[in-house]
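All chains should be modelled from the sequences, with the hints used to inform the complete structure.
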Amino acid sequence: MKSELLKFQTAPQVTLIGEAWGDAQNPTVLLLHGGGQTRHSWGDTAKVLAENGWYAIAIDARGHGDSSWSPDGIYKDKLVSDLRSIIEQLNTAPALVGASMGGLTSLIAEGESEKSIASALILVDIAPKVEQKGVERIFSFMSANVDTGFATLEEAADAVAKYLPHRPKPATMERLSHNLRKREDGRYYWHWDPKILEGWKTTTPEEITKNTIRLYDAAKRLKVPTLIVRGGMSDVVSEKVMAEFLDMVPHVESVDVSGAGHMVAGDSNHAFTNAVISFLKKNFPPKQ
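Sequential numbering of the sequence shown, starting at 1360, is according to our numbering.
Keep in mind that the hints were calculated from the coordinates and are not lab data. Take the hints with a grain of salt, since some may be wrong.
Listed below are the simulated DSS-like cross-link pairs for lysine-lysine, each with C-alpha atoms no more than 27 Å apart in a straight line [as the list claims (entries may be wrong)]:
#1 LYS1569 to LYS1474
#2 LYS1569 to LYS1554
#3 LYS1492 to LYS1366
#4 LYS1488 to LYS1579
What you are looking at is a predicted structure, and each value in this text was computed from that prediction instead of being measured.
Written out as structure tokens, the structure is:
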């Protein structure tokens, strides 16, 4: 199945790139990746969704992949406005599948809208409250080679393997290559705006508390069917965090993907995709 590249202008000087699979007349599913990732991070999920009757679009977020970086270097709340703009341009209420950063973006966009802009919401290993140690481990990995880059793709793969020791090392560098760009100095660098990481790392404890309250408020206002998919080995959304979330927002469903960490779709793509399809068939079914 061939994919189609899409472009969405969401602000002056900002164009986001999407990749679509399937028939555009089918119910739309938007896939929003995590911080430091690209639209390629979903493995075969988008393709399998299309094969099962949905129109699947994976988006490169602002500052990531082939999409524009923020001209002013500011990203706070702009990912949310980008998502709302994409949905307006699609002229439909899609199901949103958001991992980590993409999940937070989806939660705010839907939960703070007066009228629902989505038909269903799937949060991938993210909740209003997270384990800071897990978040700090992500920041440490993202910071390690942001300025120096890597001499080869294999060197980058070794860094990923050290960060994700539970995941088998890929047989080819094709998927990893989508996350890196070779610069004039001959070295490979992660293809996301370092100013995103700067903004995250300088968040104060007071701002973290304020953001957590905002996210819980958004979650409590959700009216669409919602699922949280947790990696069974996640150090970002622990069992305790999951229980607190479900206790506070009881209308949310949950599922664990065993053997997966925070990067659920990449760690166990088949099990993850099956969980997504099972939920969508009940709550946002394809056309008969």
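Taking the hints in turn, this is what the structure says about them:
1. A threshold of 27 Å between alpha carbons decides the hint, and for LYS1569 with LYS1474 the separation of about 24 Å falls inside it, so the pair holds.
2. For the proposed pair LYS1569 and LYS1554, the alpha carbon gap of about 21 Å is at most 27 Å, so the pair holds.
3. As the CA atoms of LYS1492 and LYS1366 are separated by approximately 36 Å, the hinted pair breaks the 27 Å bound.
4. A hinted pair counts as satisfied when its Cα atoms are at most 27 Å apart, and LYS1488 with LYS1579 qualifies at roughly 13 Å.
Consistency with the previously given hints fails for number 3 only.
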